[in-house]
Amino acid sequence: MALPTVTQSLPDADRRWRDIYRYLDRPGPFMAEGFEAGAAVKEFLHSIKILVVGAGGLGCELLKDLALTGFTDIHVIDMDTIDVSNLNRQFLFRASDVGKAKAEVAASFIMRRIPGVKITPYFGKIQDKDEEYYNQFTIIICGLDSVEARRWMNATIINMYDEDDPETLKPIIDGGTEGFKGQSRIILPHMTACYECSLDMQTKPTTYPMCTIANTPRLPEHCIEWASVLEWPREFPDKKLDGDDPEHIKWLLDRASTRARHYDITGVTYSLTQGVVKNIIPAIASTNAIVAASCATEAFKIATNCATPMNNYMMYVGDQGVYTYTFELQKKEDCPVCGAVAIKIQVSPSATLQDLIDLLLDRKDIQLKKPSLRTSATSLYMQAPRALQEATRPNLSKCLSELIRDGEEVTVTDESLPISIQITVRFE
Amino acid sequence: MSTDQLWSSYGIPMAKLLWKAQNVELEGIGSLMVVDGCLVEESDLGQNFFVTPASVGQSRAKVVSELLLELNAEVEGSHVQRDPAEIIENSPEFFQHFSLVIATQITGPSLYKLADICWAANIPLVIVRAHGLMGYSRIIVREHTVVESHPEQIVDLRFDSPFAALREFAESFNLDELDSMAHSHVPYIVILLKAVDSWKRKHDGKLPSSTADREQFKQSIRDQQRSDMPGNQNFNEALASAYRAWTPTTIPSSIRSILNNTCAQNITSETPDFWIIARAVCDFVQNEGQGFLPLPGTVPDMHADTESYIRLQTIYRAKAREDAAAVSERVANLLASIGSSPSRIPVQEIEMFCKNAGYLHVIRYRSLTEEYATETARSKTIGNSLAGDPQDNIAWYVMLRAVEVCKTQFQRYPGESESHYVSDQQTVRKCVDAFMQEHGLDPALIADDYVQECVRAAGSEIHVIAAILGGIVSQEVIKLLTHQYVPLNNTVIFDGIKSAASVYEL
Numbered sequence: 001m002a003l004p005t006v007t008q009s010l011p012d013a014d015r016r017w018r019d020i021y022r023y024l025d026r027p028g029p030f031m032a033e034g035f036e037a038g039a040a041v042k043e044f045l046h047s048i049k050i051l052v053v054g055a056g057g058l059g060c061e062l063l064k065d066l067a068l069t070g071f072t073d074i075h076v077i078d079m080d081t082i083d084v085s086n087l088n089r090q091f092l093f094r095a096s097d098v099g100k101a102k103a104e105v106a107a108s109f110i111m112r113r114i115p116g117v118k119i120t121p122y123f124g125k126i127q128d129k130d131e132e133y134y135n136q137f138t139i140i141i142c143g144l145d146s147v148e149a150r151r152w153m154n155a156t157i158i159n160m161y162d163e164d165d166p167e168t169l170k171p172i173i174d175g176g177t178e179g180f181k182g183q184s185r186i187i188l189p190h191m192t193a194c195y196e197c198s199l200d201m202q203t204k205p206t207t208y209p210m211c212t213i214a215n216t217p218r219l220p221e222h223c224i225e226w227a228s229v230l231e232w233p234r235e236f237p238d239k240k241l242d243g244d245d246p247e248h249i250k251w252l253l254d255r256a257s258t259r260a261r262h263y264d265i266t267g268v269t270y271s272l273t274q275g276v277v278k279n280i281i282p283a284i285a286s287t288n289a290i291v292a293a294s295c296a297t298e299a300f301k302i303a304t305n306c307a308t309p310m311n312n313y314m315m316y317v318g319d320q321g322v323y324t325y326t327f328e329l330q331k332k333e334d335c336p337v338c339g340a341v342a343i344k345i346q347v348s349p350s351a352t353l354q355d356l357i358d359l360l361l362d363r364k365d366i367q368l369k370k371p372s373l374r375t376s377a378t379s380l381y382m383q384a385p386r387a388l389q390e391a392t393r394p395n396l397s398k399c400l401s402e403l404i405r406d407g408e409e410v411t412v413t414d415e416s417l418p419i420s421i422q423i424t425v426r427f428e
Numbered sequence: 001m002s003t004d005q006l007w008s009s010y011g012i013p014m015a016k017l018l019w020k021a022q023n024v025e026l027e028g029i030g031s032l033m034v035v036d037g038c039l040v041e042e043s044d045l046g047q048n049f050f051v052t053p054a055s056v057g058q059s060r061a062k063v064v065s066e067l068l069l070e071l072n073a074e075v076e077g078s079h080v081q082r083d084p085a086e087i088i089e090n091s092p093e094f095f096q097h098f099s100l101v102i103a104t105q106i107t108g109p110s111l112y113k114l115a116d117i118c119w120a121a122n123i124p125l126v127i128v129r130a131h132g133l134m135g136y137s138r139i140i141v142r143e144h145t146v147v148e149s150h151p152e153q154i155v156d157l158r159f160d161s162p163f164a165a166l167r168e169f170a171e172s173f174n175l176d177e178l179d180s181m182a183h184s185h186v187p188y189i190v191i192l193l194k195a196v197d198s199w200k201r202k203h204d205g206k207l208p209s210s211t212a213d214r215e216q217f218k219q220s221i222r223d224q225q226r227s228d229m230p231g232n233q234n235f236n237e238a239l240a241s242a243y244r245a246w247t248p249t250t251i252p253s254s255i256r257s258i259l260n261n262t263c264a265q266n267i268t269s270e271t272p273d274f275w276i277i278a279r280a281v282c283d284f285v286q287n288e289g290q291g292f293l294p295l296p297g298t299v300p301d302m303h304a305d306t307e308s309y310i311r312l313q314t315i316y317r318a319k320a321r322e323d324a325a326a327v328s329e330r331v332a333n334l335l336a337s338i339g340s341s342p343s344r345i346p347v348q349e350i351e352m353f354c355k356n357a358g359y360l361h362v363i364r365y366r367s368l369t370e371e372y373a374t375e376t377a378r379s380k381t382i383g384n385s386l387a388g389d390p391q392d393n394i395a396w397y398v399m400l401r402a403v404e405v406c407k408t409q410f411q412r413y414p415g416e417s418e419s420h421y422v423s424d425q426q427t428v429r430k431c432v433d434a435f436m437q438e439h440g441l442d443p444a445l446i447a448d449d450y451v452q453e454c455v456r457a458a459g460s461e462i463h464v465i466a467a468i469l470g471g472i473v474s475q476e477v478i479k480l481l482t483h484q485y486v487p488l489n490n491t492v493i494f495d496g497i498k499s500a501a502s503v504y505e506l
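Chains R and U supply the protein sequences, listed in that same order.
Numbering follows the numbering used here, in which position 191 of the first sequence is assigned residue number 191; successive positions increment by one, without gaps.
Numbering follows the numbering used here, in which position 387 of the second sequence is assigned residue number 387; successive positions increment by one, without gaps.
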């Protein structure tokens with residue numbers, strides 16, 4: 001990819017950054033501890049490395065916001081390519097960019113527009129990178145749309161913390177939006193609540209990426225979205241879809257069922273069709289703008305100490321008036337990522353291992369998919385490798401009292417998580 | 001045009017628009033004009049995404065509008081290279097052509113005059129300002145009506161007063177005769193309708209009202225469950241919604257006051273569609289509606305077999321259509337009485353109104369004159385907020401008012417000049433004290449910290465704060481233009497230090 005040519009003469013920094021320097025040249029009553037006005041803080045702001053995770057709706061805004069806040073060494077990581085459906089709000093992408101890597105196109109657009117800023121893109125998964133990579137950044141900002149990716153980032157950054165090395169403490173600023181709702185928050189590893197501490201605040205995701213809907217449906221919901229978002233307007237360009245009209249829903253149901261059969265997907269029903277149609281939450285450009293700018297504001301304050309950062313979670317709702325709620329989210333003592341104690345689980349001694357696994361799968365605060373369980377002495381049930389799975393499968397129907405002692409600690413791992421969870425099993 | 005299309009086509013330019021353009025107007029949907037008299041300076045490069053180093057020295061209105069439009073080819077755009085203050089002073093008629101005006105970073109006499117022009121011409125005005133880590137926006141519209149406010153859910157199921165078709169449907173179920181499978185799929189609406197009906201028969205037609213009554217009512221539902229399958233989902237849903245069954249169907253007072261508003265009661269050929277339909281609904285309620293609003297016709301999702309669920313949906317929907325048809329006929333008669341064509345208001349508009357009749361909003365914004373004149377100012381709102389919490393965001397409002405006075409007096413923001421840094425703090429403090437005294441409030445309610453921070457900021461426009469305000473304002477502008485969702489009333493203050501927004505009616 002051709003890099004833009006660097007302009008020979010950059011605009012004069014004092015004139016260009018006049019408005020930001022007002023804050024950096026002068027102390028004030030709301031500055032954070034450690035703030036020292038003057039050249040050093042400006043130099044620090046202009047030289048630190050900051051990572052943006054995700055180059056979608058929030059990521060595009062974040063890159064622009066950070067570049068216009070004086071950050072000049074920005075990295076961005078995203079595994080997606082540009083889809084036609086991204087063009088309406090991911091404003092760094094044009095029709096000619098469809099199919100190209102989001103991180104690369106976003107980086108080169110910003111560098112063309114704002115001289116003197118260096119954006120280093122990485123087109124790939126966050127899991128491709130190791131601690132050495134993440135360790136180079138002073139601040140990490142996440143603009144992600146998946147719970148899994150957030151959990152992975154959160155656990156990885158928090159596990160990197162070494163109390164003997166203050167450099168390993170990486171603040172994470174996390175933004176998220178859904179329709180008119182959004183939130184931004186600051187995670188200071190081991191000091192504030194982390195993403196995992198608040199996992200039970202997550203509601204089930206109700207939006208689906210357009211590319212999935214158009215090309216790779218997996219769930220019945222994807223087929224319904226395809227019928228309502230793509231087929232309906234094509235078939236009835238002048239008729240508004242009414243989620244309360246049984247005839248409309250029936251039409252969608254027929255289309256979605258045909259598509260589902262084609263892809264061997266089961267589960268498209270009348271009530272699911274209606275549920276999906278009535279819950280469509282489009283990503284809204286202005287909510288992305290607000291949440292991304294809030295995250296960038298916090299990055300600016302954390303990088304410079306020119307004002308105290310928020311403490312530590314802001315919720316935003318914009319459909320009925322404008323509403324924010326800013327509060328201190330509390331750490332969870334038994335958080336599997338940043339907590340000090342194991343999660344306590346009460347079960348009947350006659351319950352089977354399968355019962356215990358079902359109980360774990362039900363818990364919204366840990367959200368497991370395919371858990372494997374072992375004690376310090378033995379494997380109770382392992383999902384992989386296959387031989388071990390077969391060997392441990394008979395345990396599923398055994399009573400827990402045959403397998404573990406009352407109060408014994410069990411380690412739970414899950415392929416979707418970079419961490420293991422400690423639980424203490426108590427018999428009722 | 002649906003909101004979705006609006007968001008996707010026009011959301012972006014409007015969000016970005018406010019990042020810096022000094023004055024932006026939108027004409028209708030899909031075209032916008034940037035008005036700005038300045039040339040691009042180097043300081044713009046550090047805060048505005050719509051300028052480049054190559055544009056330094058060129059018209060800022062031209063450069064910004066060109067780069068803005070590059071985002072979306074479907075938006076028509078233009079620019080005027082004139083100082084907004086000069087246009088406000090010399091060509092007030094300029095603003096008549098716009099559906100909405102956004103005034104960014106305009107303060108003092110120019111702002112007051114612009115607000116007067118827009119108020120007189122009935123053009124919505126949105127004021128937006130960024131001052132360091134603080135942001136402010138104010139909406140001014142004489143009257144804003146909303147039919148589609150998009151509440152979380154629309155629920156009107158008429159448990160206490162089922163219409164004939166609904167009653168017959170409920171009666172067609174005999175719970176005792178159903179097999180276990182069918183019994184566990186009876187929609188909870190039917191279970192509740194039957195329970196209410198049997199309760200009323202035993203209690204002189206009254207609904208359960210005391211706590212004991214209600215517990216007994218719930219017990220009567222539990223008693224219907226089969227002992228072999230306790231805790232069936234449909235019965236759980238019925239118990240969870242039991243309160244809807246004993247809550248009488250009424251018209252909320254806010255909706256009553258809209259229906260009885262003089263705008264609805266005195267119809268002329270000038271009356272907007274909203275008020276004509278409101279009048280028709282009002283008449284409907286008093287006649288064939290028998291005291292109820294038109295039925296919305298929506299049925300929440302519930303555990304049921306597909307056939308009964310679809311039949312329920314069809315029954316509620318048919319009644320909703322019938323009610324909307326009655327309202328439509330009243331609308332047609334009203335239109336005829338004022339000499340308007342019956343086609344003036346499309347049927348879909350009337351149906352939409354009927355569906356949302358329980359969730360209408362009418363906002364009459366206060367004018368800027370009312371806010372600024374001491375005798376009509378909301379001094380109590382300011383005083384009470386500060387008394388409750390000295391760090392309430394309203395403190396920034398007082399600061400912005402004081403800064404505005406200084407800016408008008410000295411033609412620069414306090415703090416802009418290093419040599420006046422200390423004296424500017426004193427000047428701003430005096431302006432704060434004067435403002436507070438004028439409004440009968442104790443000046444000590446505003447701590448010196450606020451004064452110092454405002455002088456430190458010196459009117460700086462930090463990009464990220466402008467972007468937060470730009471995002472909020474573009475969301476509000478789209479609500480105002482589409483009459484969907486509920487816009488804020490009337491002032492929002494964002495504190496970028498605490499990261500919190502507050503809304504006040506000032």
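Be aware that one or more of the hints could be misleading.
Stated by the list, open to error - From chain U, some residues computed to sit far from chain R (all C-beta separations above 10 Å):
| hint | residue |
| --- | --- |
| 1 | V75 |
| 2 | H150 |
| 3 | K202 |
| 4 | D448 |
| 5 | H463 |
| 6 | N489 |
To be verified - Which residues of chain R face chain U? A few of them, derived with a C-beta cut under 10 Å, are:
| hint | residue |
| --- | --- |
| 7 | I114 |
| 8 | P115 |
| 9 | S198 |
| 10 | D200 |
| 11 | G267 |
| 12 | T269 |
| 13 | V291 |
| 14 | N305 |
| 15 | T326 |
| 16 | R363 |
| 17 | P418 |
| 18 | S420 |
Said to hold, decoys possible - DEER-style ranges, computed between Cβ atoms:
| hint | chain 1 | residue 1 | chain 2 | residue 2 | range |
| --- | --- | --- | --- | --- | --- |
| 19 | R | T266 | U | D301 | 46 to 56 Å |
| 20 | U | S99 | R | M315 | 53 to 63 Å |
| 21 | U | K380 | R | D80 | 26 to 36 Å |
| 22 | R | P233 | U | Q153 | 18 to 28 Å |
| 23 | R | V98 | U | S417 | 24 to 34 Å |
| 24 | U | S209 | R | F236 | 13 to 23 Å |
| 25 | U | P390 | R | Q330 | 52 to 62 Å |
Keep in mind the hints are simulated off the structure, nothing from the lab.
A virtual CB, placed ideally from N, CA and C, is assigned to each residue, including glycine.
Outcome of the hint check:
1. V75: At about 12 Å from chain R, U:V75 clears the 10 Å cut-off, so the statement holds.
2. H150: Non-interface label on U:H150 violated, nearest chain R Cβ at 6 Å vs cutoff 10 Å.
3. K202: Nearest chain R Cβ is 34 Å from U:K202, so the label holds.
4. D448: Incorrect as stated: the minimum Cβ-Cβ distance to chain R is 8 Å, not above 10 Å.
5. H463: Answer for U:H463: violated, closest chain R Cβ roughly 4 Å.
6. N489: U:N489 not clear of chain R: closest Cβ-Cβ about 7 Å, inside 10 Å.
7. I114: Since chain U brings a Cβ to about 8 Å from R:I114, closer than 10 Å, the hint holds.
8. P115: Check passed: Cβ of R:P115 comes within 6 Å of chain U, closer than 10 Å.
9. S198: Where the cut-off is 10 Å and the nearest Cβ of chain U is about 17 Å from R:S198, the hint is violated.
10. D200: violated (21 Å)
11. G267: Result: violated, 14 Å to nearest chain U Cβ.
12. T269: holds (7 Å)
13. V291: holds (8 Å)
14. N305: For R:N305, the interface hint is violated, since the closest Cβ of chain U sits about 12 Å away, which is over 10 Å.
15. T326: holds (4 Å)
16. R363: violated (21 Å)
17. P418: violated (29 Å)
18. S420: violated (34 Å)
19. R:T266 / U:D301: 46 to 56 Å: violated (20 Å)
20. U:S99 / R:M315: 53 to 63 Å: Given range 53 to 63 Å: violated, Cβ gap about 32 Å.
21. U:K380 / R:D80: 26 to 36 Å: 52 Å Cβ-Cβ, so the 26 to 36 Å window is violated.
22. R:P233 / U:Q153: 18 to 28 Å: holds (25 Å)
23. R:V98 / U:S417: 24 to 34 Å: Since the Cβ atoms of R:V98 and U:S417 sit about 51 Å apart, the hinted range of 24 to 34 Å is violated.
24. U:S209 / R:F236: 13 to 23 Å: violated (48 Å)
25. U:P390 / R:Q330: 52 to 62 Å: With Cβ atoms ~26 Å apart, the hint is violated.
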